Amino acid sequence: MRWRDSDLFHSFSKTPIAWVALAVASVCVLGATFAPWVAPHNPFDAASLHLSDALLPPVWLAQGQWTYLLGTDDQGRDILSALLYGSRISLSVGLTSVVLSLLLGVSLGLWSGFAGGWLDNFIMRVCDVMLSFPSILVALLISGVGRAFLGSEHASFSFVVLVTSITLTGWVQYARTVRGATLVEHKKEYVQAARVIGVSGPSIMLHHILPNVMGPVLVLATLQVATAIITEATLSFLGVGTPPTSPSLGTLIRIGNDFLFSGEWWITVFPGLMLILIALSVNVIGDWLRDALNPKLH
Amino acid sequence: MLAFIFQRLIQAAWVMLAVAFIAFLLFQYVGDPVLFMLGQDVTPEKVNELRSELGLDQPFFVQFYHFVVNAVQGDFGISLRLGGKVSTLIVNRLPATLELAVAAALLALLLGIPLGVYVALHRQSAMSKLLMTASLVGVSLPTFLIGILLILIFAVWLGWLPSFGRGEVVQLWGWSSGLLTIDGLKHLALPALTLSFFQLTLILRLVRAEMLEVLRTDYIKFARARGLSERVIHFQHALRNTLVPVITVTGLQLGSLIAFAIITETVFQWPGMGLLFIQAVTYADIPVMAAYLCLISLIFVVINLVVDLLYFWVDPRLRSDH
Amino acid sequence: MSLLDIKNLSVDIPTRHGVLHALKNIDLHIDAGEILGVVGESGAGKSLTGAAILDLLEPPGRVVGGEIRLSGERISGLNPQAMRQIRGKRIGAIFQDPLTSLNPLYSIGQQLTQTILTHLPMTAAQARQRAVELLEDTGIPAAAERLDQYPHQFSGGMRQRVVIALALAAEPELIIADEPTTALDVSIQAQIIELLVRVCRQHHAAVLLITHDMGVIAETSDRVAVMYAGRVVETGPVEQIIESPRHPYTRGLMASIPRAEAQVERLQYVPGNMPRLSDMPGGCAFHPRCDRAMIDCTSLVPLLETCSARSQLACWNPLPLGQASDEERA
Numbered sequence: 047m048r049w050r051d052s053d054l055f056h057s058f059s060k061t062p063i064a065w066v067a068l069a070v071a072s073v074c075v076l077g078a079t080f081a082p083w084v085a086p087h088n089p090f091d092a093a094s095l096h097l098s099d100a101l102l103p104p105v106w107l108a109q110g111q112w113t114y115l116l117g118t119d120d121q122g123r124d125i126l127s128a129l130l131y132g133s134r135i136s137l138s139v140g141l142t143s144v145v146l147s148l149l150l151g152v153s154l155g156l157w158s159g160f161a162g163g164w165l166d167n168f169i170m171r172v173c174d175v176m177l178s179f180p181s182i183l184v185a186l187l188i189s190g191v192g193r194a195f196l197g198s199e200h201a202s203f204s205f206v207v208l209v210t211s212i213t214l215t216g217w218v219q220y221a222r223t224v225r226g227a228t229l230v231e232h233k234k235e236y237v238q239a240a241r242v243i244g245v246s247g248p249s250i251m252l253h254h255i256l257p258n259v260m261g262p263v264l265v266l267a268t269l270q271v272a273t274a275i276i277t278e279a280t281l282s283f284l285g286v287g288t289p290p291t292s293p294s295l296g297t298l299i300r301i302g303n304d305f306l307f308s309g310e311w312w313i314t315v316f317p318g319l320m321l322i323l324i325a326l327s328v329n330v331i332g333d334w335l336r337d338a339l340n341p342k343l344h
Numbered sequence: 007m008l009a010f011i012f013q014r015l016i017q018a019a020w021v022m023l024a025v026a027f028i029a030f031l032l033f034q035y036v037g038d039p040v041l042f043m044l045g046q047d048v049t050p051e052k053v054n055e056l057r058s059e060l061g062l063d064q065p066f067f068v069q070f071y072h073f074v075v076n077a078v079q080g081d082f083g084i085s086l087r088l089g090g091k092v093s094t095l096i097v098n099r100l101p102a103t104l105e106l107a108v109a110a111a112l113l114a115l116l117l118g119i120p121l122g123v124y125v126a127l128h129r130q131s132a133m134s135k136l137l138m139t140a141s142l143v144g145v146s147l148p149t150f151l152i153g154i155l156l157i158l159i160f161a162v163w164l165g166w167l168p169s170f171g172r173g174e175v176v177q178l179w180g181w182s183s184g185l186l187t188i189d190g191l192k193h194l195a196l197p198a199l200t201l202s203f204f205q206l207t208l209i210l211r212l213v214r215a216e217m218l219e220v221l222r223t224d225y226i227k228f229a230r231a232r233g234l235s236e237r238v239i240h241f242q243h244a245l246r247n248t249l250v251p252v253i254t255v256t257g258l259q260l261g262s263l264i265a266f267a268i269i270t271e272t273v274f275q276w277p278g279m280g281l282l283f284i285q286a287v288t289y290a291d292i293p294v295m296a297a298y299l300c301l302i303s304l305i306f307v308v309i310n311l312v313v314d315l316l317y318f319w320v321d322p323r324l325r326s327d328h
Numbered sequence: 085m086s087l088l089d090i091k092n093l094s095v096d097i098p099t100r101h102g103v104l105h106a107l108k109n110i111d112l113h114i115d116a117g118e119i120l121g122v123v124g125e126s127g128a129g130k131s132l133t134g135a136a137i138l139d140l141l142e143p144p145g146r147v148v149g150g151e152i153r154l155s156g157e158r159i160s161g162l163n164p165q166a167m168r169q170i171r172g173k174r175i176g177a178i179f180q181d182p183l184t185s186l187n188p189l190y191s192i193g194q195q196l197t198q199t200i201l202t203h204l205p206m207t208a209a210q211a212r213q214r215a216v217e218l219l220e221d222t223g224i225p226a227a228a229e230r231l232d233q234y235p236h237q238f239s240g241g242m243r244q245r246v247v248i249a250l251a252l253a254a255e256p257e258l259i260i261a262d263e264p265t266t267a268l269d270v271s272i273q274a275q276i277i278e279l280l281v282r283v284c285r286q287h288h289a290a291v292l293l294i295t296h297d298m299g300v301i302a303e304t305s306d307r308v309a310v311m312y313a314g315r316v317v318e319t320g321p322v323e324q325i326i327e328s329p330r331h332p333y334t335r336g337l338m339a340s341i342p343r344a345e346a347q348v349e350r351l352q353y354v355p356g357n358m359p360r361l362s363d364m365p366g367g368c369a370f371h372p373r374c375d376r377a378m379i380d381c382t383s384l385v386p387l388l389e390t391c392s393a394r395s396q397l398a399c400w401n402p403l404p405l406g407q408a409s410d411e412e413r414a
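Residue numbers (the numbering used here), protein chains in the order written: chain U, 47 to 344; chain C, 7 to 328; chain A, 85 to 414.
These are calculated hints, taken from the structure and not from any lab test.
Bear in mind the structure is a predicted one, so any value in this text is a computation, not a measurement.
All the given hints hold, so there is nothing to weed out.
In silico BS3-like links for lysine-lysine, alpha-carbon gap of 30 Å or less:
1. C/Lys227 to C/Lys135
2. A/Lys173 to A/Lys91
3. A/Lys173 to A/Lys108
4. A/Lys108 to A/Lys91
5. C/Lys227 to A/Lys173
6. C/Lys227 to A/Lys91
7. C/Lys52 to C/Lys91
8. A/Lys108 to C/Lys227
To list a few chain U residues with every Cβ distance to chain C over 10 Å, as calculated:
9. Thr79
10. Ser98
11. Pro104
12. Thr142
13. Phe160
14. Ala161
15. Pro289
16. Thr291
Where is the CB? At the ideal position from N, CA and C, for every residue including glycine.
With these hints in hand, go ahead and build the complete structure from the sequences.
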C-alpha cells in the first residue's frame, strides 16, 4: 500500500508519542461523539437527577459511589457523563469553527492572491491589524456586540455568536499562507498559459493552486483545532460561551470553580483534565504533522 | 531615522483612527448613544436636548468627528452597568492591570531566557527534555486552568497564598500600588505566575530555537576557528544575536499580556481593567467596551513604536541608511 | 620536519542509512612558509580535511583513525581546552563567505581586539593599535577610522580582507583558507588571492589553500595535492602537477584550465561525475571515468606512494613520467 511506504507513515511510526496522542485523541473524540450511548447517565435530563446524590466525591474517596465514578455536582449530575457531553459540545464548536475559518481564510487568501491590486492590499491590511490583536480580545468583542445586538434574545443565539467569534479570529492564518502560495504559483508559466487559453480564474485556483497549499493548511488546521477548543473553553469560562443548559467543558469548569474552596474539587478538576488531554493530544499530532511535512528537516 | 519615526507615527495615527471608527460604530449603532452619554437615569428633556444637540441627523463624519474629539479627551460617556463615567472607571482600574502585566512580563523574561539558553546549550540532558515537554504542555494549557490549578494547590491545599483580590494597596499620587506591602505582593504572586506562564513557554521555545540557529552560523564557526572560549562564544556572540529577535517578540507580547489579563483577573477577581471589560461584555455595556478597545489599541500602538525604536538601537545594520 | 603532518587520517559520518567514509587514509604535509593547494571537485573531502585539522568537524562526523602533528606535536585527539589554544594562535582559518563570517552586531574593531586579546598578552590599547596595523596590512584604507564600523558597512572584498586580518591576528604559523574567493566578485578574486599570499608570506605563515579553481592554484601554490572521493590521489610541486601530471584525474583537471597560450578548440573535461560517498565503486574510485583503467583498478584501491621527495601518487596505471600531455599541447 503506497501510504505505508510514504515518509509520513515512516515518520509517524518512529515517533511513539504521536501514537499515544492519536490514541488519546481518538478515545476522547469517540467518547464525545457517542456520549448519549456511552455515558452512564444523562446529566441534562432534570427528571433523572436525584438531589440526594449531590456533591458526591469520586469513587475512590470515602462516600463515593460506583454509579457516579467521578462524583457529582451540586445538582446531582454525574461528572463523568457531564464530561462526555461537555466534550461533545466543546469538540463540535471547535471543529465547526475550524472548518468555517478554513473555508473563509482559504477563499479569501486565494482571491486576494489571485486578484492582486487594492483588494489584495486591503485584505492583507485587515489581516495585519487582526493579527496584532490577541484573538481572545477579538472574540470577546464580537461576543459583546452580538449580545448587544440581540438584546434579550442572545441566549438562544449563543452558539451562533460563539462559533462566529471563534471563526473570525482564526481565518487570518489561512488567508496569509494561501495568499503567499497563490502569489508564487500565479507567476509560474502554467498558470499564465492557462489564463491565455481562457481557463477561468476560479478553475485555476481550485485545480492548480489549492493542491499545492493543502500541506501547510492541514498543519494549520490541526493546530487550530486545539486553539479553537481552548478559545471556546476560555470564552465559556468567562461566561460568554455556551450556557449552563448545554455546557461545554469550559462552562463546566466555571460552574465547578465556585466549589473549589468548599472542598469539592472534582467538579472543576475533571473537566479541566479532559480539556488538557484533548488539547494536548491534538497539539502533539499537529506538531508531528508540521515536522513530518517540513521538507527542510529531511 | 527621523523619517522612519515620522512614518511610523503616521501609521500609528491611521491605526488609531481605524480603531476609533470601529468604536464609534459600536457607540452609535449598537444601542442608544444618547443613553451612553448621559446614563440611564436622566429626564426625557435632557435626552431630547442632547439628541438634537448631537443631531443624529447630522452628517456621519461630523458625528465621527465629535466622537474622536471626545475620545481624545478621554470622554466615553457613562457606563450602562455602573453609572459612573467610563474614563474614571478605567483610570481607577489601570494601575492594578499594569502592575500585574509588568510583573508577569518580568517573570516570563527572567525565567524564560535563562531556561531557553540552558535548553539550547545542553540539548541532550534530561532536564532539557523535561523542560521542552513541559513547554509543550504549557502551550496546550489554557490560562484559566493554570490559574485554577495554582489556586487549588497553593491556596486551597497548602494555604500559602491568597487567591482573591489585590490585598493591601498604598496610594502614591493617585496610583494605587500593591507592590509596597507584603500582603499586596502575596496577592500578586499567583496571578502574576498564571499570566506569565504562556509568555514563559513562548520565550523559552523562542530563545532555544534562535540560539540553535545562531550557533549554526558561519560567524560562530569562524569565532571558534579563532580560538575564542566557549563562554565568550555562547554569551557574547550567540546570546546577543539571539536576544535581538527575542526582544521584539517579547515587547509585542507585552500588549497581549494586558489583554490576556482579562482571563487572569477573572479567575482571581483581580480588580483591573480586564475584569471591568468582561463584566461589560456580559452586560453589553457598550461605552466601556468601546473605551477599552481604544485604550488597548493605544497601548499596542505605543508598544509597537517603542519596540521598533529599540530594534534600531540594538541592530547596527538598521542605523545607517542602507 | 614539516610544520603540519597528516598521516592516515580517516573521517566517518554516521547517517540513518549507514556509515559514510568521508575521508580515507589521508596523507598530507605542509612545510613552514609553504603554500599547499588542495584541489578537487565539490564533495571530494577538501573542506572536511581542513575542518578535521582544527577539530571543527560537524557532528556526527568524527575522526576514526590517523593522526595530525603540528611541528611534531600531536594535535589530533587533544582535549577541547588544549585545542582551543591552538585555534587562532597557531592555526588560523578563513572561510568562504565573508558576509556571514562576521558577526553583524559587533564592530570589526571589537571582533579584532577580542581575538587579539584572547591569544596575545597586551593591553586593550595595544590590541587596538595592532588591529589598525592588521587592517593596514590587508589593504583597508583609513584603517583607524574604519575600526569602529560594522561589517555591513564594508563591501564584499573589504570584508574578506577583514576576515584575513582576523585570521592573522594572533600570528599563526598556518592558515587554512577554505575557498576564500569563491563567494567574491570575479573582478576582485585575483586581488584577494594575491593579498592572501603576500600577507601570509609577510607574517611567515604557511597556507593550506582549499579550492576547486585550478587557475588559483596555478597562480599561487608551491605544491599541490589532488583529492578525489575522500582520498589524496596525487601530490607534487605545482609545475610538475600542471605540466606533467601522472594521475589520469589530475590530467583531466589540468586540461580544464583555460590557458591563453594553448590553442585548444574546446575545453577538455572529464566525463561523468564523482561518485557519492554512499555509492562508491569497488577498487579505485575513479576507474569508471578513467580511460586508462585496468582490471586491477576495479578491485584494488591504489595506495598513496611516495615517488620523490616532494611528490606522491595513488594509481595502478599512471601516465608515464615526463610525458607532457602532448595531445593537449597540440
